[in-house]
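> Place chains Y, P, R, L and G on chain U using the hints.
There are 6 protein chains.
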Amino acid sequence: MNVATPLQRPSPISPSVDFDADGVQHGFLRLPYSRDDSAWGSVMIPITVVRRGDGPTALLTGGNHGDEYEGPVALFDLARTLKADAVQGRVIIVPAMNYPAFRAGTRTSPIDRGNLNRSFPGRPDGTVTEKIADYFQRALLPLADIVLDFHSGGRTLDFLPYAAAHELPDKEQEKRCFEAVAAFSAPYSMRMIEIDAVGMYDTAAEAMGKVFVTTELSGGGTSSAKTVGIAKRGVMNVLRHAGIVAGAQALGPTRWLDMPSSECFRFAEDDGLVEFCVDLGDAVRAGDVIARIHPVGRTGQAGAEYRTALDGVLAARHFPGLIKTGDCLAVVATAEDKN
Amino acid sequence: MNVATPLQRPSPISPSVDFDADGVQHGFLRLPYSRDDSAWGSVMIPITVVRRGDGPTALLTGGNHGDEYEGPVALFDLARTLKADAVQGRVIIVPAMNYPAFRAGTRTSPIDRGNLNRSFPGRPDGTVTEKIADYFQRALLPLADIVLDFHSGGRTLDFLPYAAAHELPDKEQEKRCFEAVAAFSAPYSMRMIEIDAVGMYDTAAEAMGKVFVTTELSGGGTSSAKTVGIAKRGVMNVLRHAGIVAGAQALGPTRWLDMPSSECFRFAEDDGLVEFCVDLGDAVRAGDVIARIHPVGRTGQAGAEYRTALDGVLAARHFPGLIKTGDCLAVVATAEDKN
Amino acid sequence: MNVATPLQRPSPISPSVDFDADGVQHGFLRLPYSRDDSAWGSVMIPITVVRRGDGPTALLTGGNHGDEYEGPVALFDLARTLKADAVQGRVIIVPAMNYPAFRAGTRTSPIDRGNLNRSFPGRPDGTVTEKIADYFQRALLPLADIVLDFHSGGRTLDFLPYAAAHELPDKEQEKRCFEAVAAFSAPYSMRMIEIDAVGMYDTAAEAMGKVFVTTELSGGGTSSAKTVGIAKRGVMNVLRHAGIVAGAQALGPTRWLDMPSSECFRFAEDDGLVEFCVDLGDAVRAGDVIARIHPVGRTGQAGAEYRTALDGVLAARHFPGLIKTGDCLAVVATAEDKN
Amino acid sequence: MNVATPLQRPSPISPSVDFDADGVQHGFLRLPYSRDDSAWGSVMIPITVVRRGDGPTALLTGGNHGDEYEGPVALFDLARTLKADAVQGRVIIVPAMNYPAFRAGTRTSPIDRGNLNRSFPGRPDGTVTEKIADYFQRALLPLADIVLDFHSGGRTLDFLPYAAAHELPDKEQEKRCFEAVAAFSAPYSMRMIEIDAVGMYDTAAEAMGKVFVTTELSGGGTSSAKTVGIAKRGVMNVLRHAGIVAGAQALGPTRWLDMPSSECFRFAEDDGLVEFCVDLGDAVRAGDVIARIHPVGRTGQAGAEYRTALDGVLAARHFPGLIKTGDCLAVVATAEDKN
Amino acid sequence: MNVATPLQRPSPISPSVDFDADGVQHGFLRLPYSRDDSAWGSVMIPITVVRRGDGPTALLTGGNHGDEYEGPVALFDLARTLKADAVQGRVIIVPAMNYPAFRAGTRTSPIDRGNLNRSFPGRPDGTVTEKIADYFQRALLPLADIVLDFHSGGRTLDFLPYAAAHELPDKEQEKRCFEAVAAFSAPYSMRMIEIDAVGMYDTAAEAMGKVFVTTELSGGGTSSAKTVGIAKRGVMNVLRHAGIVAGAQALGPTRWLDMPSSECFRFAEDDGLVEFCVDLGDAVRAGDVIARIHPVGRTGQAGAEYRTALDGVLAARHFPGLIKTGDCLAVVATAEDKN
Amino acid sequence: MNVATPLQRPSPISPSVDFDADGVQHGFLRLPYSRDDSAWGSVMIPITVVRRGDGPTALLTGGNHGDEYEGPVALFDLARTLKADAVQGRVIIVPAMNYPAFRAGTRTSPIDRGNLNRSFPGRPDGTVTEKIADYFQRALLPLADIVLDFHSGGRTLDFLPYAAAHELPDKEQEKRCFEAVAAFSAPYSMRMIEIDAVGMYDTAAEAMGKVFVTTELSGGGTSSAKTVGIAKRGVMNVLRHAGIVAGAQALGPTRWLDMPSSECFRFAEDDGLVEFCVDLGDAVRAGDVIARIHPVGRTGQAGAEYRTALDGVLAARHFPGLIKTGDCLAVVATAEDKN
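Which chain is which? The protein sequence lines are U, Y, P, R, L and G, in order.
Residue numbering for the first sequence follows the numbering used here, starting at 78 and increasing by one per position.
Residue numbering for the second sequence follows the numbering used here, starting at 78 and increasing by one per position.
Residue numbering for the third sequence follows the numbering used here, starting at 78 and increasing by one per position.
Residue numbering for the fourth sequence follows the numbering used here, starting at 78 and increasing by one per position.
Residue numbering for the fifth sequence follows the numbering used here, starting at 78 and increasing by one per position.
Residue numbering for the sixth sequence follows the numbering used here, starting at 78 and increasing by one per position.
Treat each hint with caution, since some may be false.
Since the list gives no way to pick one copy over another, a pair counts as held whenever it fits inside one copy or between any two copies.
Here are the simulated lysine to any residue pairs, SDA-like style, with alpha carbons at most 25 Å apart [what the hints assert, rightly or not]:
| # | residue 1 | residue 2 |
| --- | --- | --- |
| 1 | Lys309 | Glu340 |
| 2 | Lys309 | Arg215 |
| 3 | Lys303 | Leu357 |
| 4 | Lys401 | Pro89 |
| 5 | Lys303 | Ala412 |
| 6 | Lys309 | Gly358 |
Read the hints as simulated data drawn from the structure, not as lab findings.
The following block holds chain U by itself, in its conformation from the complex:
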């Protein structure tokens, strides 16, 4: 299972679980990390393995970014409640991949400011974040048949709740991915063209031919009963769809959206206080004002107006009340059911 070439160093991470043993195991991925306040310290990433006999392997992950919460809540809950006898095959659960970031409640790692989702394939002799990426790349992804990676908007973005997959060169693989998105059954489902896919976990999994599903389930660095409910239902639906857990999926209505081009994204060119004129899910028409940025140095100034370049639905927005030049202000998606 280790795809390292002979020249590669082994990963410094050692798991305390046996991936080939039946039953439920709760353990750690131990990553040695020497530092001023602990010369022989380690990062201990919680992991659960639930296995019974032969069957497919699902790799379920949250906390790829440390400030996104629907995934960790659903997965800590699942790790605690999923019994071995409910499973045929194997479920590997890592509720908080970038564990230092998750503990700090920040997108990136407080140790090295690493954005795990831009750190693949990682390095065994790199930063802490690169070592985690390398372990997923060389040890965990090769074990999986289907990969579900939970995201939300984090502290600085807010999204409509959706599951998503990418358009892929292998159309058979793409089809299986979108079937899994449909199985997840979030209120919205998204078809994405990743503009800059370099370094992503998604890309690493897809390049190995895995079925890969991701999500955005609101944001702001919080979660709610409603959005956690979507995540819990979605993960069980995906396990049922994969044939690992028995029983019927709990499906509901979903609305399919598209982000077809870079025109979907509006970036701020002003610093200030942001006032949205539409909310997530609202329909917009090309030319509509979607937000104003008020300058805050003095009163009485006219702010800048930002308009959408295309028709669609407000699918994502800047979350904090203040905004800086260069921040993504809003994303407008096109709806497949428009008209």
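Below, chains Y, P, R, L and G alone, put in the same frame as chain U:
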């Protein structure tokens, strides 16, 4: 108008506006602040005065806490758009009272960590935050007949959107305050007994006999088109109610809530990942589980369950995904229209 | 029990334990603390009350300074193991008084840099540290007959292990204090004249006429099986001595030391790398070199030699390898059994 | 000499020098300062006393603000070179009053952010900076007949080199102060009305009837051979003028300036990149553009122009390349020799 | 124009200007930068392109180091005022290359501490600073015929005002560079041998055969009317010299200096307070004391004297009042017109 | 002596000493380090070379980790006292290899958080720490015949005092290393199998065939008269053993220990307050409780017990009073003389 006794130092703050002049003036409250990166620096707090002839004075404030946004958005907007000829009397607008906190996007001042709303009556020779409080106490509040101070939950709390007033010893004054709350016409209206009122701007204004209205209009350190709409409508309603702006109020339905005792508040006694089982506005019955706190050190652990002590409505909650021992987890309010 | 004058504000701290109830209670002193990362947060200081019927009250405290560990270890352990039926009277245990400092592992509070042991009598409207001091001053000390406050050297000092009391104006009270010191039965016992007693918890307790015992039980920001053993034995000895716990004290040999004057203290007048020429407990004679400070900017430089001004025993020393001008380098105590 | 009332605590500062002994003594003012990295640490402020027989006492100070260097250079140099037999009376030299600030190279103290020159009369139980102020107030100023306190602009301001005194209610005292200014013989001499004199060392000294001289000798957080030369010559001139050192003063031409009103000061109302149109010492006429502030968020924007309100000489300016709203941009002084 | 080999990733930077369009365009180089406070944030580097028809291209840059101001002032001003019809060819203006450093007022980037002028050729998948370097290396430098990069001493160094070029292996290229230096016409002109040229923007440009001119125009982290005047005149002179702008150059006298060897540089081997004995531009003879470093731990200590190793002119010096071991204290240049 | 291939950049470090000159030289390794507070700054690493005629070279180093003190004390002392005529051959002394870390009193460099002992072979164009490693790799190690590198536990670990060498593939080299360990004659001697030797100075030296001895001489970020005595005696014994200094070694008893497998190490899986049940040097048997970790969030909780997996001696332990999940709690070594 200056209530200082002869022994008190004058405020170091100097306004660049003339409170007695007719017309629209945009200016600053300049507060000298010597520091390492500017020996002769100042804090410049934007202020707008709109006056026409005689009539009552409304003092409108936002940014008492620096991470609450409905007030600043509505007031920067009002300051830019309110014309003198629409006014009979005077409107004083300070969209960001604790301006250093507002610029930093934090509840308290980055200069001295001062919580402005616990710093009254302030001190002319105190910290920067205390100097601001002192200026409102001795210079601005005495000018006002009616005071509207906008709050929201900030980065760490989320609220149902409501306007509110306090129960007061002077029942005539209390009645005028609740009439102004009704005029604001938020989706919810709250009757509050302040348990620890020491140091509050509210208390300072009420002690001078002013009509005082405050709000909580959601939270999380953001604002939306919807909540800003409530704020904009509310402030115009209050100005019309006070007779400063002409025309009919735009009233809508409101639901009256109460926070009758300390039993409304649930504090966390565990650190971890919070999972809410109900959302804001949901009805709860005494004994219901409202949230779980999952420990995050390892998987497979049962978390702690938190239950409500009384029947009511989830009126406020902890916002971030992680929670610490001692944080306020949730507030359940009783509804006057219950049953 | 509340000694506040009518003009004093009540403490903002609320206990979750009932000091008058029989049995074992584990709870919190909840101190509201509003801050940027928790608008309605609190400091939750763990407390245990063990009570059975009438009898004297012992107040046992550790973590007055947050980086001293023998007290917290012995008191968390005692809080867990002491049964109500082993007690006649009451034992109040606060293993970590300056709880924010204790959690941070620092002498002073990370919130306000407050040194709790220089903050008495405190203020109900002061800093977090001052609020804790005020609560001990007005709520807990008045409940106590005997007070045992554990100290060690912390991260920057190291001490011979001793229990200690102060010379007091009331010789009867002083006698009872030194009897309690003898009961503690540490390897060393110290007679102290506090040169600057202003603001100390010791002084607050002594001024109320309490029997007050303190300790220094090594240091360096750590503890050992040996020093924890001294603390555990000492606290049980004191409870037996006070008649709260039945049974014979476990006494051992102790050596009595004195710090008669400011000549005992040697302060560094150089920055550098410190080399001690004698270790704790070693005998020294006036004029002996006790340490050298090597300059570290370049090699080949003669360092400064520091000599003792009097005969005695090295009782305390600077702990870290580097030293700064103004740091206390060493303390030489005189031994009552000398010659 | 100690002016403390019976209710005042003694200063915690202890000097290692004897102010009444003849000869040259180099020592410290030791101020105990307990902190996380040194439980029994101290601030050690270097001091030199040079005394021979009876005569007046001069108190010479630098480093009142920690980033101003002409004074410290001249005074460390003088402390090293002044011989007792060159003196009749006493010279007390403290080259770096706010020693923690001086070591950090910052205006204010890194310990408590205290601005020593706004901390008088200080407090014996206050912050470190307040304890230093209290010691000067109650121990050192009472010893002095003449006080020379060196200032420069520090890191964020730049000044024409001048010595200065204040207009005082006691015209006889004022006259003696200006005679000392003239004796100093800097290239410029300034007549100042202090607008906000509360908390200043100057005010403390003047209120005791002392002859008080201060300076501004350029700035930017540096010094040059030229400006240090002015300081060295000035201090010797003042000692000769006071009759403490024998010999003739080295006098040169000086130009007398005035800061008659708050119109002299121009504050920035914009953030940005500052471009001065005139340099220090240049003559300006009311209405002249003295600086532009370029916005830096984008190119192609017109900046704001700042004009002088009166005729005079550019006497001080903001030093760093960037400026913030509220910073003092420039000071224009009027010249007594104008026209 | 893109010199990347097929294996190289494209730059993540996207310009909002069209380098091939005629007219004046103000825009941004947008560099995506995901971080904790903006998940989809960007660095937006202002850029101006002024083009009319065919002709040579000048690339004008400031803010390579973020605390050097003559270049940014002259270039923000030029970007605002240069009209297309004044140009034949193209002028590309980037007033603040290392824009994050420029906004912070620091030499290196606050994001990654990158020194842009040691980061060439950069990396498209490296740090933010390396991405900027890569964009200049692969996108902007290839467009240019002549490159003028403004430097000054920044916060920690001060220089005589000079334009400079390097001795180069291609003597024809070197000649063209020095002709451009002469055209700039600063008060001083410098011939440099770069001892460690690895990673410099200079080296990158020179290696592509470009005419490259740089400057040092004083320092200290400020600018003055005089030094900005030199920069403004210099840039117009260079554009005229290049034939892009018509008209005669405004030439003045210049003095040619040399830095022939490492003997020119004096490094501090002591920490302390620096006292310069000569100022910039003063003549020195081998063996002269140019500065003293006073120890600051106590008074009465002899400081260290630093002497020049060769005859010449003080061309650069350490700027702040305090100095650390290893800091460059002074640079003595030899004058071509000496004798 | 420079082993760099033609493609490698030269080291930026320049020594001020001549390694081939006879006599005693005190100097610096100067490493240019440009930064915000010193544009042309350097790190100046003190070095001493003592040489007389031909003979072997010993390279003696301390401060590889910046918070370990026995080595620096012994080596600053040796550098000051070792005379050239006491030597036959050459002694190169670098008391503080990772000098920035040593000045900060931290394990890793405050500049780049580099752990020097995991940075070999280093890079001439890397971080400051990598540049230091590269200079030892390419310039100093090649000069040496025998290398003695002092370590202790630092601030976060404590060890029994021992000298140590590694098991090596070249048994002849291994034998010479252990002979040098025996010559050092510490109270304990250790035989080590390095589990992860990548990047260590040890490995770099051993790979060049050098005789390499290292130590652990207690810890906690301090030193004592006793442990410094071991270091001073050890280094002289090694120099005598190598034939560089004449005279007999001062040998004492030593106890040989082994760390045969990863079972020796116990890592914490809980956060909390650590209570050791045995001290360093105590004998333990498999299954013994060696420590408890008390949870600190509330009183009355049972902590976790940690047991040893094998018989042996407590050889190392976590030092600070608090511990985090993942920290090394304890190391049990097996004793060769057991039974």
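> Take the hints in turn and mark each one as holding or not.
Here is how each hint holds up against the structure:
no., hint, verdict
1, Lys309 / Glu340, "neither (33 Å within a copy, 31 Å between copies)"
2, Lys309 / Arg215, "neither (28 Å within a copy, 48 Å between copies)"
3, Lys303 / Leu357, "both (16 Å within a copy, 11 Å between copies)"
4, Lys401 / Pro89, "between (39 Å within a copy, 19 Å between copies)"
5, Lys303 / Ala412, "both (23 Å within a copy, 23 Å between copies)"
6, Lys309 / Gly358, "both (22 Å within a copy, 22 Å between copies)"
Hint compliance for this structure: hints 1 and 2 are broken, all remaining hints hold.
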